[in-house]
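Chains as they are written, first to last, in the numbering used here: chain A, 1 to 359; chain B, 1 to 359; chain C, 1 to 359; chain D, 1 to 359.
It is possible that some hints are incorrect.
Note that identical chains are pooled: a pair holds if it fits in a single copy or bridges any two copies.
[Unchecked claim] Capping the alpha-carbon separation at 30 Å, the derived lysine-lysine pairs in DSSO-like fashion look like this: (1) K169 - K351; (2) K156 - K250; (3) K137 - K169; (4) K137 - K260; (5) K66 - K159; (6) K260 - K351; (7) K169 - K352; (8) K107 - K250; (9) K352 - K107; (10) K275 - K107; (11) K66 - K273; (12) K159 - K351; (13) K60 - K156; (14) K66 - K351.
I should point out that these hints are in silico values taken from the structure, not numbers from a laboratory.
One-letter residues, chain by chain:
Protein chains: 4
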Amino acid sequence: MSANPTTVTKPLESVQLYPAVRKGFGAIRFGVIGYGYWGPNVVRNLHSIADAEVVSVCDKSSSSRKRAHKSHPSIYVSADAQEVITSPEIDAVAIITPVWTHFELAKAALENGKHIFVEKPFTSNVAQAEELIELAKRRNLKIMVDYTFLFTGAVKKIKQLLGEDHLGKLYYYDSTRVNLGLFQHDINVIWDLAPHDLSIMDYLIGSNPEGLVATGQRHLNGFEDVAFITLYFPENIIAHVNVNWLSPVKVRTTLIGGEKRMLVWNDLEADEKVKIYDRGVDITNREGVYELLVNYRSGDMWAPQLEQVEALRQELTYFVDCMINDRDPINDGAAGLRVVKILEGANKSLKKRGALVYL
Amino acid sequence: MSANPTTVTKPLESVQLYPAVRKGFGAIRFGVIGYGYWGPNVVRNLHSIADAEVVSVCDKSSSSRKRAHKSHPSIYVSADAQEVITSPEIDAVAIITPVWTHFELAKAALENGKHIFVEKPFTSNVAQAEELIELAKRRNLKIMVDYTFLFTGAVKKIKQLLGEDHLGKLYYYDSTRVNLGLFQHDINVIWDLAPHDLSIMDYLIGSNPEGLVATGQRHLNGFEDVAFITLYFPENIIAHVNVNWLSPVKVRTTLIGGEKRMLVWNDLEADEKVKIYDRGVDITNREGVYELLVNYRSGDMWAPQLEQVEALRQELTYFVDCMINDRDPINDGAAGLRVVKILEGANKSLKKRGALVYL
Amino acid sequence: MSANPTTVTKPLESVQLYPAVRKGFGAIRFGVIGYGYWGPNVVRNLHSIADAEVVSVCDKSSSSRKRAHKSHPSIYVSADAQEVITSPEIDAVAIITPVWTHFELAKAALENGKHIFVEKPFTSNVAQAEELIELAKRRNLKIMVDYTFLFTGAVKKIKQLLGEDHLGKLYYYDSTRVNLGLFQHDINVIWDLAPHDLSIMDYLIGSNPEGLVATGQRHLNGFEDVAFITLYFPENIIAHVNVNWLSPVKVRTTLIGGEKRMLVWNDLEADEKVKIYDRGVDITNREGVYELLVNYRSGDMWAPQLEQVEALRQELTYFVDCMINDRDPINDGAAGLRVVKILEGANKSLKKRGALVYL
Amino acid sequence: MSANPTTVTKPLESVQLYPAVRKGFGAIRFGVIGYGYWGPNVVRNLHSIADAEVVSVCDKSSSSRKRAHKSHPSIYVSADAQEVITSPEIDAVAIITPVWTHFELAKAALENGKHIFVEKPFTSNVAQAEELIELAKRRNLKIMVDYTFLFTGAVKKIKQLLGEDHLGKLYYYDSTRVNLGLFQHDINVIWDLAPHDLSIMDYLIGSNPEGLVATGQRHLNGFEDVAFITLYFPENIIAHVNVNWLSPVKVRTTLIGGEKRMLVWNDLEADEKVKIYDRGVDITNREGVYELLVNYRSGDMWAPQLEQVEALRQELTYFVDCMINDRDPINDGAAGLRVVKILEGANKSLKKRGALVYL
């Protein structure tokens, strides 16, 4: 296919979630920048997709380059990101590097006519995200932010349950993501761990928070290692995120409470990650009395079988499809911006030890 | 013994934690006001203590009075709290009623020369608590606030571990106390559930928070049913309390992180409620570099056997001992006041959707 | 009512599972023999049943008699079982004593015209059980063996699911009941723990095992403290019971596998004791090949809400109803005999280190 | 190195558990027969070992051969096992095929002077195992049976604890290994799942069972899919293995009880796989009474950190070392034979529905 696949007219019949991508046009040619912890997974998955091809991999570390070459002898390995960004052989660039490098690399890639797949969080601040979105729009290029979790069986099932109004009016979203390390040396625990929760929450709740309050504490290297965010959404929905690099145990649990039912998602369970409880509250008016009576209601629990998928493979297949069929992904630049806005707000609130910040 | 046992000179040899109380003086005579959910436990336990005697029980509800009489035919049952408070036959009054009634009952009891055992939270506001403390001091009477948890095997073991510096410098205290209901109709979820966490935290950390931030949301009856409190302590200790009346599952978990070790207390486990993890972080200075390196360290886990006690029985035995030997309990009026101060601050912060409130 | 309530004509309209027992005839008058660990629960529950009344309690131990008197000052307490058994004031005798005493006490009670409620296991051997059944039949008296578990929410729900063919054709029943202690000094671990499993299994499977194999080992006091029973039922159903007094952890788990669905009952879970898995196997014939292909099938899990009941209270209410309305309980003498037959067979097999014993 | 590395004299200083293998002799050259489920792991791990080299891979299935070639383009791939077995380029053959093929392949390999690494169970019967051991002895060749579990952090730690007499005199070993599928079409569930338990048990207990009793049932394809084995060891140690292809949940739990302490190994836990309980029993003689009193004793629990290793890599490194230094592995042909003897005995017992079989 040509370097600019987006000029292909989008056929109507392809507007389906994950259509089989068209064969015979040649694959989308990828350059991957960053081959540290996550990059190898991106390369391996792109490799397995029919309509994608990894042309070159780039990393500043020579040991990473050696690993890349050993695993993929056929891929060109380079230390120079510019080489990848400017190559006419490349249609799309995957940027799997620390967040402070995203903007510069992404901007250069877009300016060179490449679609971009960017590790989360999208950028270091709101202004950068807005500039990239604007640039991609002008050049008719796609941005996908790597929100892998949106493509897991668990999140898909929860989204479906919410869509079918299984939970009723939402009350709260409460997520805990704690473990021992890994410490980051350039960002705090909110920027490291919370993007998972915030991107999932953004996708599931489907509206923008009005404001937030973030609290936390630094103990070791000048960055908050324990932190808590409260987010106020319209219609009295409240969300809360608990992130911690200093927990002796790993926890990945989200509670979602609705008027009709409630849900617990424990991502560390082998089976039964998502449990739906037929529990809730009923409000009654006591006769002749102003006071409301709240009674709780108990019932069955149900753990739906979840789709067994490699989420990253699905996400990248979807990205390839979006490029070929000129569609905007759900995890596009705007989705990336929404999370960066919250992260920026959280830092503002943290600095004032928990001030209310309107978004 | 006389109606004013505190005039008894305190013998030096009795200054031990739970001394066998002196025999032969006659028991401390109790009146118990409130025979709803918790009152029967107080009466039953007082009954089983050698140096205590329940003389009368009082409740406004006739069905509660009937239950009291059926279980304890020998105890005088009354509908009139005044009768209890003014009775010359009574040395101490246990006030097991809703929080908004505490001040009036406690004040009257103290003015009538009775020691008081008061359900938590101590009072509805700081001014009330201060007035009661002052009054008790003047009359040389004892106040105990019912912080039953301080007398459980789990909290005692954790206190001991902290005292022996097993955890090293404290980093954080993070408690989650959520379940479905019971809804209170006069107070929010913080005033209902958090006093447990706040009194335990106060006891274990042993210093006063400098400020707090509380966030939450009301969904049903005009009181917050989901809420989160962050507390800032000196020396960078941060505490967090997550309380929720709308959770489909019951959680009672506290994480305590220190420099040397970390601890998880899951109060719902049948055995192994407290687990100590030989995990932590080491900070090193990379040679010739300003940047700090944080490495985490992993090791064994250890679940100490906990003392099997009926905590309420121990607490009431201790109260009797404090009266007889004129000693101030650890859960005295001042301890009650410290928690009320936080609760009052939390309400202030909640009203501003999470403002920082200095304590 | 008269001392022989079974002559009362059974009204047709009362043939329902737990009918409200008829009022106004006077209650069934009980004598309870044995006030050790379980006896107090029997007395307390009988007390709370409208149509029952405990007239006397008997125990050889003076401390047990003191406890009985303290808790129930109105009940006549005696050291002499004969007094209870021969009293004209008593309609039914509850025998809550060690198994080796059951036969003699039960026989005397029946001979004195009393209905009997007997702790499990029913008797020490098959001959005794058969004699008691015969005797009760001749005297038109009721026998109930205390299989409390049949009246729990969990077992009722499983029985209902099996009745509605939720699991399909049964494959196996596999139960584990292990913990540390309590050691019995007159019987082995099979006679101590397995009667629970065997009575539940008998009720749920609803057919008689054809044979069994029991293995085990003695380590401490001359009785097997670790043992395993395999039971062969018709139609290829296999059952297995694992009992152990030397386990560091307590386990109460039963797996039941059927052609259509499978079930796990973990009695130690606070909620979600029973989980039904939409999992199973499909057998297909490979085309043109004799060999069968077995594929497994995976699906949702479902934890039904269970009835919250005090099982012992329901069982005793049901016993009272059976006496008043002349009905045979599901846990009658014949049910008691079926379990004793298995226990006797297990001992035979154990002696030969695991011989197949036909029942 | 030469095709017969075993003539190398074993230096005394190399008698250590996993010595760094000698460099510079050239690697042991492997041929791998069978590239289905487990074969790829063997090839991948051999690849990563300095002193090993995979020269050729053989599989009858063309799709398996394609997978092998795609993952390891440099390895020669063949459909003909004879080619591997007779190749002068090969020092050792790994046989990762169904059990009924082991004997023929292993015999041919040994006859061609190759060391062999054989998937468990070693052979289909005792006679075959004995013939292979004899043959290897005559030819001075090594046999290793693939008991990967012996090289896990969990089993190593348990072996160490037993060696240091942490548990005291052993009472019992009770293992449960159940899950849904995978069904085998040539062997029953005992031959499929129990070799894990039996090889671990053999290693940990360190003595031979005197007899066994096996029970089970066939429901689907003519092979037992649910089965139970009891094994009698000297000194009153009893072992039990519960294997099941029809369980809705996966269980991998072993309880080991000793006089001083008890242990639970749950292999499905992410952390804390092995928990040691300071629990046990004390036997006392009641004064003047013959009867023994058994009291149980409760204490702390402790979960040691386990070595994080890829067990298969360690096992293969050890095999290479055994060949180079002419040492007999702990999981040699004799270890393979011991398990086959039990499996053969189990089948004999199963046929008689649970007869006692002496070993």
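Should K275 paired with K107 be assigned to within, between, both, or neither, using CA atoms and 30 Å as the limit? Neither, since 42 Å and 49 Å both go past 30 Å.
How would you classify K60 and K156 at a CA-CA limit of 30 Å: within, between, both, or neither? neither (36 Å within a copy, 40 Å between copies)
For the identical chains here, do K107 and K250 meet the 30 Å Cα criterion within one copy, between copies, both, or neither? neither (36 Å within a copy, 48 Å between copies)
Using 30 Å as the alpha carbon limit, work out where K260 and K351 are close: within a copy, between copies, both or neither. For K260 and K351, only the inter-copy Cα distance (28 Å) is at most 30 Å; the intra-copy one is 38 Å.
With identical chains treated as interchangeable, where does the CA-CA distance between K352 and K107 reach 30 Å or less: within a copy, between copies, both, or neither? Answer is neither: 32 Å inside a copy and 41 Å across each miss the 30 Å cutoff.
Are the CA atoms of K156 and K250 at most 30 Å apart within a copy, between copies, both, or neither? both (23 Å within a copy, 25 Å between copies)
30 Å Cα cut-off: does K66 pair with K351 within a copy, between copies, both or neither? Answer is neither: 42 Å inside a copy and 58 Å across each miss the 30 Å cutoff.
Same-copy or cross-copy closeness of K169 to K351 [CA-CA at most 30 Å]: So K169 and K351 pass the 30 Å test across copies only (24 Å; inside, 34 Å).
Measure nothing new, just compare the shortest in-copy and cross-copy C-alpha distances for K137 and K169 to 30 Å and report within, between, both or neither. neither (35 Å within a copy, 52 Å between copies)
Checking K66 and K159: alpha-carbon separation at most 30 Å within a copy, between copies, both or neither? neither (41 Å within a copy, 39 Å between copies)
Pop the pair K169 and K352 into one bin, within, between, both or neither, using alpha-carbon distances up to 30 Å. For K169 and K352, the Cα distance is within 30 Å only across copies (25 Å; inside one copy 33 Å).
Using 30 Å as the alpha carbon limit, work out where K159 and K351 are close: within a copy, between copies, both or neither. neither (34 Å within a copy, 33 Å between copies)
In this structure, the hints that do not hold are numbers 3, 4, 5, 8, 9, 10, 11, 12, 13, 14, in rising order.
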